[in-house]
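Residue numbering for the sequence shown is 0 to 536, as defined by numbering that gives the first Met the number 0.
One should not assume that every hint holds.
To be verified - Pair ranges (Cβ atoms, derived):
(1) G301 / P245: 28 to 34 angstroms
(2) V119 / Y369: 34 to 40 angstroms
(3) D108 / G52: 22 to 28 angstroms
(4) E513 / R215: 58 to 64 angstroms
The set of hints was computed from the structure by calculation and includes no laboratory data. Backbone N, C-alpha and C define an ideal beta-carbon position, used for all residues, glycine too.
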Amino acid sequence: MTVPTYPVEPDPPAPAVPAPPSTGILPPASAAAVLPSTAAEKSAARAQLLHDGSVEQYRRTIAAGVDRVARRVAAVDRPGTGVTPAELAPLVDRVDLDRPLGDAGAALDELEDVYLRDAVWFHHPRYLAHLNCPVVIPALLGEAVLSAVNSSLDTWDQSAGATLIERRLIDWTAERIGLGPEADGVFTSGGSQSNLQALLLAREEACADATTPAARAELLPRLRVLTSAAGHFSVQKSAKLLGLAPDAVIAVSTDAQRRIRPAAVRDEITRCRQAGQVVMAVVGTAGTTDFGSIDPLIDLAGICAAAGVWLHVDAAYGCGLLVSPTRRRLLDGIERADSVTVDYHKSFFQPVSSSALLVRDRQVLRHATYHADYLNPARMVEQQIPNQVDKSLQTTRRFDALKLWLTLRVMGPDALGALFDEVVDRAADAWQLVSEDPRFEVVTRSQLSTVVFRYLPTGAGREFTDAANLHAREALAASGLAVVAGTRVDGRHFLKFTLLNPATTVDDVGHVLELIAGHAGRYVRERAAADLTCPVG
0 MTVPTYPVEP DPPAPAVPAP PSTGILPPAS AAAVLPSTAA EKSAARAQLL HDGSVEQYRR
60 TIAAGVDRVA RRVAAVDRPG TGVTPAELAP LVDRVDLDRP LGDAGAALDE LEDVYLRDAV
120 WFHHPRYLAH LNCPVVIPAL LGEAVLSAVN SSLDTWDQSA GATLIERRLI DWTAERIGLG
180 PEADGVFTSG GSQSNLQALL LAREEACADA TTPAARAELL PRLRVLTSAA GHFSVQKSAK
240 LLGLAPDAVI AVSTDAQRRI RPAAVRDEIT RCRQAGQVVM AVVGTAGTTD FGSIDPLIDL
300 AGICAAAGVW LHVDAAYGCG LLVSPTRRRL LDGIERADSV TVDYHKSFFQ PVSSSALLVR
360 DRQVLRHATY HADYLNPARM VEQQIPNQVD KSLQTTRRFD ALKLWLTLRV MGPDALGALF
420 DEVVDRAADA WQLVSEDPRF EVVTRSQLST VVFRYLPTGA GREFTDAANL HAREALAASG
480 LAVVAGTRVD GRHFLKFTLL NPATTVDDVG HVLELIAGHA GRYVRERAAA DLTCPVG
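Work the whole structure out from these sequences, hints included.
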């Protein structure tokens with residue numbers, strides 16, 4: 000496919016705008032042409048605010064945007080266009096943000112050029128790359144409502160019922176996990192933030208006996224976090240943000256199914272103690288990003304309980320099993336965790352962002368609590384006023400819980416679980432298809448919905464095989480016909496399907512495999528021909 004190019008038209012002449020009245024203060028040159036200086040211009044600016052006098056304009060404008068997206072979705076025939084940054088950047092760069100178009104329709108027309116035409120569409124059945132899901136319509140309704148009302152979930156006086164809805168959803172999720180009556184939690188921006196806050200709480204609990212600055216300074220460099228070698232990179236990033244030692248995170252070996260080895264965790268706890276180090280947390284994973292593997296949670300819970308170590312379970316991906324009608328047992332043991340990360344925007348088919356951190360003991364959330372006189376003074380706790388900022392790393396925060404609330408009220412959890420079961424079933428079919436194709440090598444079978452594999456050129460060495468797979472992925476993306484992910488396994492380049500779309504069929508997977516084999520095979524033939532014609536010496 001030839002990537003479309005877009006003609007660049009000359010900018011229209013700037014409209015004449017009366018000069019603003021003199022104030023003795025000169026505005027920036029770029030703003031001078033657009034300052035509203037007359038009563039009419041100021042009135043027009045105020046008309047863009049949502050209020051009782053602008054509701055009809057609100058309806059028309061939002062309807063126009065919805066219609067634009069709907070028409071684009073209806074016309075999508077591939078997950079992307081393959082546009083490159085070098086091709087698209089000039090279109091964005093030429094937009095003069097200091098010269099408004101003055102009309103939502105014109106802005107939507109422009110948006111077609113700079114965004115919608117080249118957007119990556121996760122609802123397309125041949126988008127098979129990352130943990131991006133198609134979204135359910137009730138959640139989109141929630142997105143429209145929460146954006147318009149614009150509640151901020153930090154304090155009760157900014158959110159009222161929104162606070163209670165978020166708290167009810169936290170309770171519902173904790174019940175699904177089985178954390179017990181003292182559980183609590185808070186919505187977050189995503190799994191990385193949830194993991195960060197979980198490790199913050201674990202660090203503070205580990206430092207509970209370090210009651211002086213000197214004792215704390217002595218303890219911090221000795222703190223360690225154990226996690227799977229296949230775990231998420233946010234654990235390492237969190238450790239750095241929390242001021243832990245550069246070698247604080249210890250990657251524990253995995254078994255053939257890419258699950259953390261409990262015996263290795265037990266041995267590592269013993270080794271750390273003998274070395275004078277303190278294991279502040281063990282991070283188990285319920286759904287690794289690459290392999291969809293679920294660590295042996297029951298074993299990890301027993302080891303952590305015996306050692307008095309905080310157990311955090313990163314279930315950002317695998318949390319869809321909480322509503323699965325057939326596979327909930329795969330999460331057995333998660334109910335014994337001290338904290339759990341869930342990402343509804345991965346396996347509950349919610350728009351980004353929609354995530355949460357859950358904890359077994361609500362008292363530990365005090366480590367994220369700070370009181371400000373202007374916002375959440377301490378007296379509000381005595382008055383039993385529920386301020387979500389008391390347990391969040393964020394202050395201003397969107398009412399993202401509304402999306403999940405409306406989804407559950409319209410569809411119910413069983414319907415979501417059935418959708419997640421579909422993608423897991425499809426991944427099993429895809430694994431079978433790849434494993435039976437002699438052109439490919441497939442890694443372990445996922446417990447969730449990923450397939451890690453690579454093209455194997457006949458008789459090719461390691462570097463040549465890596466290059467062929469890298470080329471195939473890039474060529475496929477450039478075509479826009481499908482999108483797959485890439486990763487490294489034991490130092491070698493592999494490709495990855497991540498299936499989160501129930502509309503994806505086995506035929507879709509087979510078609511993408513043929514495209515990959517075609518690109519990789521062509522690369523092999525061209526390289527072989529080039530080697531034959533290359534002069535020696």
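Go ahead and decide if the range 58 to 64 angstroms is satisfied by the Cβ distance of E513 to R215.
-> holds (59 angstroms)
Is the gap between the beta carbons of V119 and Y369 within 34 to 40 angstroms?
-> holds (39 angstroms)
Do the Cβ positions of D108 and G52 conform to the proposed distance bound of 22 to 28 angstroms?
-> holds (27 angstroms)
When you take the CB atoms of G301 and P245, is the distance between them in 28 to 34 angstroms?
-> For P245 against G301, whose Cβ atoms are near 30 angstroms apart, the range 28 to 34 angstroms holds.
Checked against the numbered hints listed earlier, the structure breaks none of them; every hint is satisfied.
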